[in-house]
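Please model the entire structure based on the sequences and the hints provided.
In case you want the letters, here they are:
2 protein chains.
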Amino acid sequence: MKCIDRILLIVCLISPLYGYSCSKVKRDILFQTSTINALLEGIYDGDVTFGELRKYGDFGLGTLNGLDGELVVLDGKFYQVRSDGIVNPVDSSMKTPFAVVTFHEADKTVMANKSLNLEQLEGYLDSILPSQNIFYAIRIDGTFRYIKVRSVPRQERPYPRLVDVVKNQPTFEFYDMKGTIVAFWLPEYINGINIPGYHFHFLTEDKQSGGHILSVITGDIRIQIDYTSEIHMVLPGSKEFSSVDLTKEKQKELESVEK
Amino acid sequence: MKCIDRILLIVCLISPLYGYSCSKVKRDILFQTSTINALLEGIYDGDVTFGELRKYGDFGLGTLNGLDGELVVLDGKFYQVRSDGIVNPVDSSMKTPFAVVTFHEADKTVMANKSLNLEQLEGYLDSILPSQNIFYAIRIDGTFRYIKVRSVPRQERPYPRLVDVVKNQPTFEFYDMKGTIVAFWLPEYINGINIPGYHFHFLTEDKQSGGHILSVITGDIRIQIDYTSEIHMVLPGSKEFSSVDLTKEKQKELESVEK
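Sequence lines, in order, name chains W and L. For reference, each letter of the first sequence is one residue, going 1 to 259 in full-length UniProt numbering. For reference, each letter of the second sequence is one residue, going 1 to 259 in full-length UniProt numbering.
By construction, these hints were calculated from the structure, which means they are not laboratory data. Take the hints with a grain of salt, since some may be wrong.
The list makes no distinction among identical chains, and a pair is therefore deemed to hold if it is satisfied within one copy or across any two copies.
To be verified - In silico lysine to aspartate or glutamate, DMTMM-like type, Cα no more than 20 Å apart, as pairs:
#1 LYS26 with ASP47
#2 LYS248 with ASP126
#3 LYS95 with ASP47
#4 LYS239 with ASP28
#5 LYS26 with GLU230
#6 LYS252 with GLU188
#7 LYS239 with ASP126
#8 LYS77 with GLU105
#9 LYS239 with ASP107
Structure below.
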């Protein structure tokens, strides 16, 4: 054990006496800001900065304040896929209204070289996930014979609902493109809080393009799945969040927004 | 700033470089083990000890492994209300299949001396909660003109479903009893994970009786509400949890179990 580790361990042991909590960083935990139903209702401004979000994961997806594009988090770097297709690095001071991150550490790795469309890819992943009751962060690297993504345009107040925004979403298509799918699979009971089932974002290998996946045909891919049994959710402190009606059933809206 | 605080602060600042996380203990966060739907399905054994649970709160409710009674956590002490009505302190090495705790710090305090039945008490609380979208830990101290509670008997494997267990639940009635209600109110979107709306447990002032509240008429009471905007949920690692079907709609079962 290195000297610095010993010192940290000793400080960790005494820290609870002084109102501090000190431990090895929890890496097998999903962290999310706000709820998907709040996003569907047009709550597009959150109070969590990307500087803060970075502490909770190096892998994930979401969006940016003002609904200013799709967020892809890969290898600890945060990327904004704007609605004009341009990818920017995300500044630590920027904020997110909805994001999900974790530290990705593969519990299972599978190679595949079949041509799978989105439905077949989901079916294949279904067959290798060990339980329907925990969370999965799924990283898929490789070549994609075809991929269609969308982004969302920055909104101005008063914010429209998400289902109306995506009626005019810009889409982008790529053929034989190398890149990475950043995805989560979440259980049915997460309904209202996040998206049950799969949620796929994409980033090209050159980090120049990406977005929320609408369609895909895979080539040679490597699938790495991180099994996760904890979730930590932080709700926005805004008046808008406090007063929005989150009780409505939104299954159909969610499908039209996601697909 | 005291010397020890300075040292801890400096160590906290450098700790992320070495894979540690160090911060003031988060007190405004709800911590829960497992999901209510898993409990309804008969997943009565969890892997979280009360020694571990204690780190996450001094106030809360739940049950014990084997469904061995109702759990009440008050002022940092853990109480087991057994099905024979006896209250025992909970040993740190014992485990819970389902529990919710937080550090209770009142954001709002209200005195009331009306005679309220359970429905009226819920209506009154509804009128003073500022938002339907965050979590509330509710502590009610005072005199109760009437209170009816239940506990649940320890189960043997193979475990029956919760809805069948409560068909034979022992109940206890008290008149003009001093004590404390330990309760939570959770939003509708928590459905499947925890109980939307109110969930009331009770402990008498002498810590000799208590249970899950079925009926009440309040006397002079002090209501202290803790507003909470974060939740941390840890799922069980057991094979039983992994394989149980959590997708079924359980609203009616939940009502028959709670009321």
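For each hint, the structure was consulted:
In the homo-oligomer, the alpha carbons of LYS26 and ASP47 lie at most 20 Å apart only across protomers (18 Å), although the nearest pairing inside one protomer, at 22 Å, exceeds that limit. With identical chains, the CA atoms of LYS248 and ASP126 are at most 20 Å apart between copies only, with a shortest distance of 19 Å across copies and 29 Å within one. Taking the shortest alpha-carbon separations for LYS95 and ASP47, only the intra-copy value of 6 Å comes in at or below 20 Å, while the best inter-copy value is 36 Å. Taking identical chains as interchangeable, the C-alpha atoms of LYS239 and ASP28 lie at most 20 Å apart only when they sit on different chains, with a minimum of 18 Å there against 32 Å within one chain.
Both within a single protomer and between protomers do LYS26 and GLU230 lie at most 20 Å apart by alpha-carbon distance, with minima of 10 Å and 17 Å respectively. In this assembly of identical chains, LYS252 and GLU188 lie within 20 Å of each other by CA distance both inside one copy and across copies; the values are 14 Å within and 18 Å between. For the homomeric pair LYS239 and ASP126, the shortest alpha-carbon distance between copies (18 Å) is at most 20 Å, but the shortest distance inside one copy (39 Å) is not. Taking CA atoms no more than 20 Å apart as the test, LYS77 paired with GLU105 passes inside one copy only; the shortest distance there is 16 Å, against 37 Å between copies.
For a Cα distance limit of 20 Å, the shortest separation of LYS239 from ASP107 across copies, 17 Å, qualifies, whereas the shortest one inside one copy, 40 Å, does not.
When each numbered hint is compared with the structure, no violation occurs for any of them.
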